[in-house]
Structures are given as C-alpha cells and as structure tokens.
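These protein sequence lines map, in sequence, to chains E and G.
By our numbering, the letter at position 71 of the first sequence is numbered 71, and the numbering carries on one by one without gaps.
By our numbering, the letter at position 91 of the second sequence is numbered 91, and the numbering carries on one by one without gaps.
It is worth saying that the hints were derived from the structure and are not from the lab.
We treat Cβ as the ideally placed atom computed from N, Cα and C, and that holds for glycine.
Check the hints yourself; a few may be wrong.
As the list claims (entries may be wrong) - Here are some, though not all, of the chain G residues that point toward chain E, as calculated from beta-carbon distances under 8 Å:
| # | residue |
| --- | --- |
| 1 | G133 |
| 2 | T203 |
| 3 | S287 |
There are 2 protein chains.
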Amino acid sequence: MSKPKFRRLALIGIGLIGSSIALAARREGLADEIVISTRSEHTLRRAEELNLGDRYCLDAADAVAGADLVILCVPVGASEAIAKWIAPALAPGAIISDVGSTKSSVVRQMQPHLPANVHFIPGHPIAGTEESGPDAGFPELFRNRWCILTPVEGTDEDALARLSGFWEALGSMVEVMDHEHHDLVLAIVSHVPHIIAYNIVGTADDLEAVTKSEVIKYSASGFRDFTRIAASDPTMWRDVCLHNKDAILEMLSRFSEDLAALQRAIRWSDGAALFELFSRTRDIRRSIIEAGQDTAVPNFGRDTKDAAEASDAN
Amino acid sequence: MSKPKFRRLALIGIGLIGSSIALAARREGLADEIVISTRSEHTLRRAEELNLGDRYCLDAADAVAGADLVILCVPVGASEAIAKWIAPALAPGAIISDVGSTKSSVVRQMQPHLPANVHFIPGHPIAGTEESGPDAGFPELFRNRWCILTPVEGTDEDALARLSGFWEALGSMVEVMDHEHHDLVLAIVSHVPHIIAYNIVGTADDLEAVTKSEVIKYSASGFRDFTRIAASDPTMWRDVCLHNKDAILEMLSRFSEDLAALQRAIRWSDGAALFELFSRTRDIRRSIIEAGQDTAVPNFGRDTKDAAEASDAN
Numbered sequence: 001m002s003k004p005k006f007r008r009l010a011l012i013g014i015g016l017i018g019s020s021i022a023l024a025a026r027r028e029g030l031a032d033e034i035v036i037s038t039r040s041e042h043t044l045r046r047a048e049e050l051n052l053g054d055r056y057c058l059d060a061a062d063a064v065a066g067a068d069l070v071i072l073c074v075p076v077g078a079s080e081a082i083a084k085w086i087a088p089a090l091a092p093g094a095i096i097s098d099v100g101s102t103k104s105s106v107v108r109q110m111q112p113h114l115p116a117n118v119h120f121i122p123g124h125p126i127a128g129t130e131e132s133g134p135d136a137g138f139p140e141l142f143r144n145r146w147c148i149l150t151p152v153e154g155t156d157e158d159a160l161a162r163l164s165g166f167w168e169a170l171g172s173m174v175e176v177m178d179h180e181h182h183d184l185v186l187a188i189v190s191h192v193p194h195i196i197a198y199n200i201v202g203t204a205d206d207l208e209a210v211t212k213s214e215v216i217k218y219s220a221s222g223f224r225d226f227t228r229i230a231a232s233d234p235t236m237w238r239d240v241c242l243h244n245k246d247a248i249l250e251m252l253s254r255f256s257e258d259l260a261a262l263q264r265a266i267r268w269s270d271g272a273a274l275f276e277l278f279s280r281t282r283d284i285r286r287s288i289i290e291a292g293q294d295t296a297v298p299n300f301g302r303d304t305k306d307a308a309e310a311s312d313a314n
Numbered sequence: 001m002s003k004p005k006f007r008r009l010a011l012i013g014i015g016l017i018g019s020s021i022a023l024a025a026r027r028e029g030l031a032d033e034i035v036i037s038t039r040s041e042h043t044l045r046r047a048e049e050l051n052l053g054d055r056y057c058l059d060a061a062d063a064v065a066g067a068d069l070v071i072l073c074v075p076v077g078a079s080e081a082i083a084k085w086i087a088p089a090l091a092p093g094a095i096i097s098d099v100g101s102t103k104s105s106v107v108r109q110m111q112p113h114l115p116a117n118v119h120f121i122p123g124h125p126i127a128g129t130e131e132s133g134p135d136a137g138f139p140e141l142f143r144n145r146w147c148i149l150t151p152v153e154g155t156d157e158d159a160l161a162r163l164s165g166f167w168e169a170l171g172s173m174v175e176v177m178d179h180e181h182h183d184l185v186l187a188i189v190s191h192v193p194h195i196i197a198y199n200i201v202g203t204a205d206d207l208e209a210v211t212k213s214e215v216i217k218y219s220a221s222g223f224r225d226f227t228r229i230a231a232s233d234p235t236m237w238r239d240v241c242l243h244n245k246d247a248i249l250e251m252l253s254r255f256s257e258d259l260a261a262l263q264r265a266i267r268w269s270d271g272a273a274l275f276e277l278f279s280r281t282r283d284i285r286r287s288i289i290e291a292g293q294d295t296a297v298p299n300f301g302r303d304t305k306d307a308a309e310a311s312d313a314n
C-alpha cells in the first residue's frame, strides 16, 4: 500500500524504541506533527535537545489531544496508568497502539479504559539493542525486522491497514497474530533467552573460586555474548517477566527439563546424545542467516573488524 | 621478550585454530618451516590448496620429526591417541603444546606417553568463532585475546618463556595458571554458556505450539545471539563436555539453582528481586568493554552496519 500520512503522531515514552520511531517517522514524512511525552522532565528535555519531535508535553493527555496516531513506548507495566490518563483526551477515530514486548497483558490493562470510538491495535516491533533512553534511537532500527500487530476482535480493517503501512514505511515487515500466540512465541525467542542470559551473568558474578577479573579477561570464549543481552534495560525486563508470567514459566520449565537431560548426558558420558544435539542446532543458525535476520560474518563481525582496524593502526 | 624463532613448527590438526596459527606464525616469521598434519586426506589437501604450510603429512609422527615446536590443534578427546602416536618421533628438547579447551584431561591423556626429554606445556588460546575447518582461519584471531598456559610441575623456564613469546608474537596476552583452575574458570566463562545456548536452541526446536519459521522470523529479539554459539563445532564441544565433566556439572548446578530462584521470583511477582538481578549484570558488560574484550557498539555493530549498507544501497 502507499505510505500512510498522519496529522499528528503522539509518542508516549521516548526511550530506544520511541526515539527510533520519531526519527524514522520524520525521515519518511509519516506525520505532519510529532508530539512527544514522557513523565520525566529530564528525559523530555533531552528529547528536545535531540530535536526528536515538534512539541513536548509532560502531560500525556495534552500530547494525545488531536492526535490520529498514539503509540505507547513505555515498559509494559505502565500501560494501564497511561490508558486511564489519556482516555478522556483521545480524539474519535484515533489509532492507539504500543510497542510492548508482551501483548495479552497490554490488552487487559488498556482495553477496559479506552473509549469505543478509537481503534486500539497493540503492536510489537521485533527490534532493539542493549541500550536504552532517547539517545539510543536510530532511524534504521526497524529496517528488515518484523513488527507483530495483535488486533482485538472487531478491529477496523482500514485502521489496521494504516498502522501496517506506518510500520512498513519504517522499514518493517508486518505480521498479524492473536495476542496469546504472540506471548508464547516471544517467551521462547526473546523472554527466556534474556532471562537465562541475566541468570548466567548473575551466577558468574557470585562465584567464590573464580574472580570477577578472570570472568572479564576470558569472556571472549563465549560469556561476553550473554553480557550484551544482560545489559538490557532492567525496568523493561522486570515488567516483561511480571506480565508474561504463564508463557515464560511454561517455556522455562521446558528449558530446565531439557537442561536436566543434557546434564545427565554429560554425567554419564553419553557422547552420542551430546553430538546429536550439538549438530542439529546448526541448521537453525543457517536458516536465520538465510532469512536475513542475522549477519553471516563470524563472531557477528566484531573481531575480524576490530582486528583489521588494530592491524591498520600498526 | 624478543620474538622467538623455531626451526620447525608442526601443527597436528588444521581446523579454525590450527589454520589461524599457521597463517599468523608465517606472517610473523616465527618458524623456518611449518609442517601440517591431519588424519583426513581431504582436509590435508584443502590445507595445501590454501597454502597454509610448507609441508603436509598424513602421518603425525612424520610431521613432528625434527620439530622444535609441536602444537596439537584437535578436539581434546583425540589427545591421548596423538600423544601415543607422536611420542617415539619427538626430537629431544622439543616443546609440545596444544590448544584444547580443557586442560586437566589433556595433561592426564598426554603426559604419561611423552618422553622425559621434551617440554610438555599445555595451552589454550581464548579465541575462536562459530566456524570450523581450515578455511575458517585468519591470522588476526589471537590479537588482543588471552592465551592461558598451564605448565606442569618442573617445567623448564626457558621453554615456557619461548612458548609465551610465540603466543605474544601472534598478538596474544599470556597468563599462566594451574590446569585445575583453568578448567573451573573456563567452565563458567565458556563451557556452560555454550551448553545453555545449545540447550535453548534445542528447546525452541522441539516446541509444538511455536513453528520453526516463527522462531527464525522473530529471532532478532534475542534468540539469534544464542544460535551463533550453538553453531560451533559439535565434535569439539562434545569432547569439552566429556573432558571437563566435574567443573561443568558443578557450574551447571549453580546455574540451575539460580534459575530456580529466578523462576520463583517470576511466579511470585517479586519485581524487586528481578530488578536487582537485571541491574547488577550491566556492570559486567561495561567492564568487558573497558577491558577491550568486546565491542561497545550496540548489537555488536551488526544492525547499524547492515542497515547503513541497506540505506546506502537505496
């Protein structure tokens, strides 16, 4: 479809995702006016210094007034409070969306408070980095990444098409699914990986027999990869854990069961079982690279690049 | 110290590490002659096509004859067989080393078979990528990475200094520690991270409710990072698990205990405990970057770079 155009885009929350949307939406000319709101005065001032929008409001209700597209870009635990806050100020016909990593909870938190004359379409761009805050945003963040929309029953087709077009204009591919399925899929591809990364970094931090300086020195042997994910925003990830509890606990149980079996194979020196698992996981990597969702360069390109630069410098 | 010089360097095994040593040793002029040996005719031919050495032998005993530096670059499970094979052919005074990821087992496997008139000094460069085979090597692999040497009791100081100088000339920083401590440190910084990465990829692969295509499509949300590590060489990692069993099982127990506590915090909505863990893990990331052991660029630089290239192409 052709690029949609909005009169006024209101972004509630201006961290990594909010600031990336602001930059990309302006570059693509998707809104006549971009209004930014966040409850922290300090962050709002920073957003203004970075020239991320056209108008800046501490009051979210002021920001959404007259907006035909409102996107919440906040930790999912804040969704209900914001829905209550902005509901009376929403313009009839406006599209209300979000970018939260859990979707059933967002529907439960927001839907009861929103007026019947707006289009509520939850969303989740599958994109990010380990950084956070308004300085972390960049307009290419969504390019070649999926954005999942989870419309509720009776969603207006035109509104859905306009919101899909918005994300496509930001460079994303759009997929529609129901919110329960979203939460199950994301539990395994995102939430549990983050939880086990935080966990292994915590375990290493607690050891008595291995010093922290050893963990850091020898981290290139595998550990460092986990620390990137474990450097993600703590508030966001606390909220994800609290708001997708059932799916996360289910996937964690499966992970732990499988790990117990693997532990047993190690204890009993079952080399065949280890080799079987360690071989079949290679295919998934290959498919992810073929799907354009990761780089094929070894070590994500960091060492070859760093080394080449170091070498050039000599 | 000044760059050491060897008359003949014999490399037994020519995968990622062996081929990287060959390329770097030649570039730095560390040996008059580089002899390469591997039991696979196909791989040996490939090494020759890549011009990795000066001479190529299927028989490891032929390769080590007259060599003053011999480095085994094979999965650790092959150490004993190779020690038996090459022992009768070793030149008096030669340094015999290896690059295996476990060290106590290598000492147990090799030491009993080696003659008293050679210098046996096990080693482990903390460097690698997810690729394997002779095509995967590149000479910068060891630059700015640590190499751990684990000399046994009574090791000759001169031989240790010469081997340290060799690794320093390849770009590494050298650390000396005993082999038991090495195995404990590597269990937490390398072995357990690999095992849990293989495990989560296996868990995701086994789900009924989430399709493989969904796992691949949405992998940029965290999962893809784990698939890189889980694409590592299955034979090498099977051997690591079988040959550092005690330390790995100890660290896996701690990991599982911590994960159970985290699971409980999620179940009982203990947001404070989650926030505490998710916050303290950030510091370790920062220290790793400050120590030059990982890049500071978000997402290891892959998305910003890919996106910038995609953008340039438009």
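Against the structure, the hints come out as follows:
| no. | hint | result |
| --- | --- | --- |
| 1 | G133 | 12 Å, violated |
| 2 | T203 | 5 Å, holds |
| 3 | S287 | 5 Å, holds |
Checked against the numbered hints above, the structure breaks only hint 1 and satisfies the rest.
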